[in-house]
Amino acid sequence: MAEARSMVGTTSGRTAADVQFHSWTAGADRQTLTDLAEEVRSFAPTIGLDELPLPDCLLLDITGCGPLFGGEVALAEQLTRRLKTMGFHTRATISDTVAAAWAFAHADHRVAIIRKRQRQKRSAPDRSAEWKLPVIIIPPGQAMDFLTDLPVSAGRFQPDDIDILEQLGISTLQRTLQLPLDDLPTRLSADAVRRIHQLLGTQEEQILPLPESDPVCARWTSEYSAGSRGAVRQILEHLCERISEQLIRRLVGASSLECTLQLDDQSVVMLHTEFVRPVQASEVLLDMLVLRMESCPITRPVVSATVQAGLSPLPTARQKDLFSSTEHIRPQEDLAVLLNRINNRFGQESALSVTLTQDPRPEYAAQLCPVTAADSADTGDRLSRLVTPELPDDRNTPQYHRPVRLLAHPQPITGLQNDLTGGTFRVAGHTESIVQSTGPERLQTAWWDDDAVHRDYYRVRTAAGSGYWLFRQLQTDDWFLHGVFD
Amino acid sequence: MSQAASRTDVIRRLRQRLLTAQQTPVTGPVVSSGLPQLDRLLPHGGLRPGSVVECVSTVPGLSAATLSLQCIRQLLQNPGAFAVIDSDHEFNSAAAAAVGIATERLLLIRPPRSESLPTPSARPRQSTPSACPRQLWSLEQTARCPGVRAVLCRLDRASSTVLRRLQLAVEASGVTVFLLRPASCLKLTSWADLRLQLDPEISPRHPATCLTVRVTHSRHAVEHHGIVRLKVHHETGVVSEVPQLADPATASFGIR
Chain C
1 MAEARSMVGT
11 TSGRTAADVQ
21 FHSWTAGADR
31 QTLTDLAEEV
41 RSFAPTIGLD
51 ELPLPDCLLL
61 DITGCGPLFG
71 GEVALAEQLT
81 RRLKTMGFHT
91 RATISDTVAA
101 AWAFAHADHR
111 VAIIRKRQRQ
121 KRSAPDRSAE
131 WKLPVIIIPP
141 GQAMDFLTDL
151 PVSAGRFQPD
161 DIDILEQLGI
171 STLQRTLQLP
181 LDDLPTRLSA
191 DAVRRIHQLL
201 GTQEEQILPL
211 PESDPVCARW
221 TSEYSAGSRG
231 AVRQILEHLC
241 ERISEQLIRR
251 LVGASSLECT
261 LQLDDQSVVM
271 LHTEFVRPVQ
281 ASEVLLDMLV
291 LRMESCPITR
301 PVVSATVQAG
311 LSPLPTARQK
321 DLFSSTEHIR
331 PQEDLAVLLN
341 RINNRFGQES
351 ALSVTLTQDP
361 RPEYAAQLCP
371 VTAADSADTG
381 DRLSRLVTPE
391 LPDDRNTPQY
401 HRPVRLLAHP
411 QPITGLQNDL
421 TGGTFRVAGH
431 TESIVQSTGP
441 ERLQTAWWDD
451 DAVHRDYYRV
461 RTAAGSGYWL
471 FRQLQTDDWF
481 LHGVFD
Chain G
487 MSQAASRTDV
497 IRRLRQRLLT
507 AQQTPVTGPV
517 VSSGLPQLDR
527 LLPHGGLRPG
537 SVVECVSTVP
547 GLSAATLSLQ
557 CIRQLLQNPG
567 AFAVIDSDHE
577 FNSAAAAAVG
587 IATERLLLIR
597 PPRSESLPTP
607 SARPRQSTPS
617 ACPRQLWSLE
627 QTARCPGVRA
637 VLCRLDRASS
647 TVLRRLQLAV
657 EASGVTVFLL
667 RPASCLKLTS
677 WADLRLQLDP
687 EISPRHPATC
697 LTVRVTHSRH
707 AVEHHGIVRL
717 KVHHETGVVS
727 EVPQLADPAT
737 ASFGIR
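For the protein sequence lines, the chains are C and G, in the order given. Quick note on the numbering used here: the first sequence kicks off at 1 and runs consecutively. Quick note on the numbering used here: the second sequence kicks off at 487 and runs consecutively.
If we strip away everything but chain G, and leave its shape as in the complex, we get:
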C-alpha cells in the first residue's frame, strides 16, 4: 500500500474513532420528521430526543421555522410541553396552530427585553447584536426541564460556552431544541447535534416555493451528503416533499 493510501486510511480511521467518541447514547426512540426523504437524510433516520438541531436559512423568510414546527408536531406525540423562547415578542401562535400543534401544548416564554438592546426591526439581513443574557438563561433552563418535549428559539449569536451548556442540558433532560440561526453562523463551528442548511430554489413555473435542505454538520455521521428538495405551499404553508417525476420518455408515450 502506498504511503498516501496508508495515510488516508489512518486519517479515515482516526476520524471514525473521533466521531465514535463524540457519540452519545440515544435517549429515546427516534421520531420521524414527517417527511420520509428528510428522514433518510438524518443520521438516525429521524429526530433524536435530547439533541440540538440548528436550522440555518441562507435567506430569511424561508420557512425554516415552519419546517421546525412540523418536526416538533411529530415530537409532541409524546408527553411534554412545547416551549418557545420568544425574546422579541414576535412569535405568532396562530402559525403553530396552522401546522397542527395544539395551542394547549404551547408554553410561550417571553423574558423581559433589555433596555440596552434596540427594538428588532423587520430588516432581516441586518446583523443583530448578540443574544440577550435573559434569553440564554431562559433557553438553558427550559432545555434542562424534562417536562418539556421540544423548544424553539431564534438564536443569532451565542458563545461556545453557552452552546456547550445547552448541549449538556439536552443530553440530561431529553429535550429537543430547535435553534433558528442566521446565515452568518455557517462560518462558525457548530455545537449542535445536527445542522441543517436551507437554501431557496425559486422557480416561477412552480406555484409553490422550493427549498433545499442539506445536513452540513452532524455529531453522529462521518460524511455529510445528500440534499432534500422540499416545497412550501404558498397558501397553506405546508412543507412537503417534491415528488420524484417519472421518466419523460414514458410520459411522451401517450402523445402522438
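This is chain C alone, in the form it adopts within the complex:
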C-alpha cells in the first residue's frame, strides 16, 4: 500500500489525496465473483469460476438459453446491462468452448490492431476483429479462425510456460497451436499441454458449478405464540413479502412453496404449494398458502414459521401478435392463476384435461389427466391448447349422440323386455314409460380383453319427454341405465 501511494505522485502527476486506495485480497475477488454468480443465475443453469488461482471472470453455460432471451446477443446484452447496474463494467464473450471464450474475453485489442496493420501491408486477408467490445460472439465452429491472432497470454498458460514459448520465439496462439502435439510434453508443462488441447477442442472442459448460496427462505419465531388464524395469516403475509423481495432481487420465480409451522406442543404442520407458472408476487404466494391452510387443521398456537421457495427462472414472453405484446399470453396467464387456486385447494387431480380414446366402453372413452403435468413444457402446451380456438379434431368424434350425463356406475333396471317401445322400466323406484326408442348400437370390446364388455345400447324417450341411455348386457340379458340425455 505504501509503495502504491508513493507511486501516485511520481507517475500520474496526482497527489495521493486524489486517489482512493483499497487493499486487495484474492479471497475478496473470489467472494465478489461468487456473489455476482448469484445475481446472474437467471441467465444460465450452470455458473462457475475459471480454474486459475486468481479467477477474474464467471463462466456461464448458456447452451440452449439463447431463445429464452431472444437470442444470444440479447442474452449477453441483458447480462452486461444487469452487471452495469450493479456498478461493474464487463465484457461478455460467447464461443464454443470455455477456453476459446476465456481467450476472447481476455484478448487485448491493441494486438489485434497491430496484426491488422501488418496484414494490410502484406495485403493479406483481414481476419482480425475489434476485441474491445462489451459483447463478442464468435459464430459456432469459427473460434479457431480468430484464436490465431491472439497472444500467448490468452491461452491461460502459466508464467513459466509463457517464458518458454517466448524463448522459442512463439508469441501468438497460432504458432502455439501449430506445435507438434507429440513433442509438447517434452517442452512444456502438463498444464500447458492441457490448455492447448482445450484450445483445440480435443479435450472437454467442464464448468464446476458454484453451489447456490442461501436458499430463498424466510423465518419467523417469537416467544409469544400466534394463537389465532388471523395472527398466523399475518405472519405468513410478512414472510411472503420477504420471499417476494428475494425473488425479485434474484430475478427468479417461485415454482413451489414449503411452509413449516411449528406448534407449541412441538408438532409440525407442513404446507406445500406448487404453481403452474413461476410466481413473484407476494399476494399470490400468500393466497396459495392460505388456501392450503384451510385444508390443514391448526389446533395449537404457532411458535415458529418457516417458508422456503423452490426456484424457477421466469419465462420471457415473446411477442407473437403484431399489435399486442400480451394478447396471446394473457388467457394462459389467467388460466394459470385459476389452476393455481384449484390445485392448491383441491389437489392436482381436480383440474383435468380430456383426451378421447378409441375404447368402445363409454366409461373409458375419455382419458382424464391433470392439466399441470410434471414437465412444465407439457403444462405450457396444454394451457396453450385450452385457450386457442382451433378446428375440432374429427378423428375421435363419436359417430352417434352421447348423453351429457354418464353415470359412473350403470344402474340396473327391471321390467324391460326386448321390445322397448311401450315398455316401462323402474329407476330407483320410479316408473318411466317408453314412447320412442332407437337402437341397438352394439358396443363391445375385443375378445381378449380381460374386462370384456358386450352391450346393446338404446336411446329411449319417455312419456314425460326425458331421454335415457339404456343398454342390455348380451351375456346376461340384464338391463341397465347408463346415461341421461340432459
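FYI, nobody ran anything at the bench for these hints, they're computed from the structure. Note that the structure is predicted; figures quoted are calculated from it, not measured. Some hints could be false.
Simulated DEER-style distance windows between Cβ atoms [unchecked claim]:
1) Ser645(G) <-> Thr357(C): 37 to 43 angstroms
2) Thr388(C) <-> His575(G): 24 to 30 angstroms
3) Leu672(G) <-> Glu241(C): 37 to 43 angstroms
4) Ser726(G) <-> Glu258(C): 54 to 60 angstroms
5) Arg300(C) <-> Pro598(G): 23 to 29 angstroms
Here a beta-carbon is modelled for each residue, glycine too, at the ideal position from N, C-alpha and C.
Once you've looked at the hints, dock chain G against the given chain C.
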C-alpha cells in the same frame, strides 16, 4: 287521460327506468347461438359475453345441456377455455365432442365430493340437497377467470348471495356461465341475465323430439314473450330449429 291509463303509463315508465338501471354495458360482441330463431328470441339477438344464462328443464333429460353445449361451441370461436364444473363426476366429454367442441378446449373441474352428501342417483325428479360449498367456490373462481370463455355447471340450489357474487364475477371477467337448473327453480327469483325454460313437446309422428324454449326472465328486456320450437334429432342429438311449414292449401295444389 283517465286515472287508470295514467297509472298504467307511470308503471310502464317506472319499469323501463328500473330495467335501464339494471342494464350493464355489453362487454363484447354478441355471439349467435347458432339457431337464428333462438337469436331472435334473445334480448341482444344472441349471447352476451359476461352473462349468466339459466337453462331450466321442466323435465330432466330434455337436452338442455346439449343446447347449452351448442351455444358454447359458438362462444369458443374466441380464445379462452371451456370449463365444466363437474361435482357429480358424471359429465361425459364424448358428448361435448359429438357437438363439435374440441376436447383440447375442455377443462374439467371436479372438486372432491363432500362425504356428507349422498351419492347422486339417476332419479332426476327427486329433490337434491343444496350445492356443495366446494362446487360453489369452484364455480365462482372459474367465473372470475378471464382466461375462461364459457362455464357449464349443474346447479340445483344456491342462495341469492352466491348468485349475486356469480353475477358480479362474470361482469368483471367477461365469462359466460351456463347453469343447468331443475324445474323447482322456476318459483325462485332469478339472478341470471337470462333464464330459458325448456318444455317437452312429444309427438309420436315426429322422428325427433321437439321442445319449446321461452325466455322467462331477462335483465335487458321489458317484456318476455315468444317461443321457439326446437327439435332434437334422436340419433345425432343435434338440436335444430323446426322448419316453418308451408300453407297446406298450396301443398294440396298438386294433388288431384
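Hints breached by this structure: 3
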